[in-house]
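Participant: Below, each chain spelled out in residue letters.
Number of protein chains: 2
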Amino acid sequence: MARSTREAILTAAAELMRVKGYAAVGMKDIVAGSGAPIGSLYHHFPRGKVQIAGEALVNAGRAYALLIPTLVNPHTDLGEAVESVFAQAAQDMAATGFANMCPVGTVAVEIADTVEELRVASAGVMAEWLEAGEAYFASRGVADARDLTATLIATLEGAFVLARTLRDTEPLLAAGRVLGPRYRGIPLLPSPAGVSLPAPVGTAR
Amino acid sequence: MARSTREAILTAAAELMRVKGYAAVGMKDIVAGSGAPIGSLYHHFPRGKVQIAGEALVNAGRAYALLIPTLVNPHTDLGEAVESVFAQAAQDMAATGFANMCPVGTVAVEIADTVEELRVASAGVMAEWLEAGEAYFASRGVADARDLTATLIATLEGAFVLARTLRDTEPLLAAGRVLGPRYRGIPLLPSPAGVSLPAPVGTAR
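Protein sequences, first through last, are from chains A and B. Residue 24 is where the first sequence starts when you use my numbering, and the numbers rise one by one after that. Residue 24 is where the second sequence starts when you use my numbering, and the numbers rise one by one after that.
Read the hints as simulated data drawn from the structure, not as lab findings. All figures in this text were calculated on a predicted structure; none of them were measured in a lab.
Chain copies aren't distinguished; within one or between two, either way the pair holds.
In silico lysine to any residue, SDA-like type, Cα no more than 20 Å apart, as pairs:
(1) 72 / 52
(2) 72 / 46
(3) 51 / 78
(4) 51 / 72
(5) 51 / 70
(6) 72 / 31
(7) 72 / 140
(8) 72 / 61
Taking the hints into account, I'd like the entire structure generated from these sequences.
Facilitator: Encoded structure:
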């Protein structure tokens, strides 16, 4: 029971931060969202909101480490793969009414200069994204695996900001049209045996 | 005098949001930052914080509409220009200790699902960025001026998020290395006569 209460608290906190950012979420909101009493929040997280938020960001962020590999995996041409990543992201954004899918980038920019503990937690998540993407692209024979991963993550994060604000998929589709041709004609090696990717994040929501 | 009080309020609000986001900034912070009494804030902005924030975002965002044109202007090769935009951004970020330069993207993601008035204000600013960049690149003979502009803005915004969080310029430099070669060898027409660009934003801080 203790474990599921803990998870309910973290899930509620991630969901609240996804919609409202960090500062606008109070402990009372997490009580309401999780169904756990306030005493239980402090029992599991003695340092309160900052501790809950840090663990919630790490949990939520980890689910996204395999997003790019999962979307790229069916492809054999790197340019087609890159363009399809942005096309899929655009489709998902439009289908959800331009919802924020992941609180990590959102909270990271909000607190980067004010809540060092959360900046460090967010940096850890982003470093894992970079490492996972680099390892995946390297395994498929991409020469600039690290640069490509950093660019894809940066461009997706920024295009999400523009698309959510404009309520328009244009920035995502434009990025796919610009970045796809950069890699068109570069073949991807077959996925290494033993690499098993989880179902796309979207299906587990 | 009334005009300068108004400007002091907007400047203080933009500066506070740049560092702390939207929700964490209170009217008391704007009083302290601007030196204007609380009555003066409500005299100039009867609807309070949301009205101040909306006007401050528009002011701060407008100063950035010419950032990309200004950085691109000295160049005659589009690929070199694109790479230099990211190199300059990386240099500026490192020189400022990874400060947030512009509150628009930061506040936009924080409030996109919760404060519709500010989402609309942010969307207006971003639409102006897209139009200014598109008009500039078109004037220099770039065929995909709109897609290039949307991609540059998205990638810069996202790379800023990663770089500020990681305290590392890698995402900006990686994006330059990926996007530069996409446009290498594409000549830029001379800047049209009569286009006068302001000094780079950095010099006016």
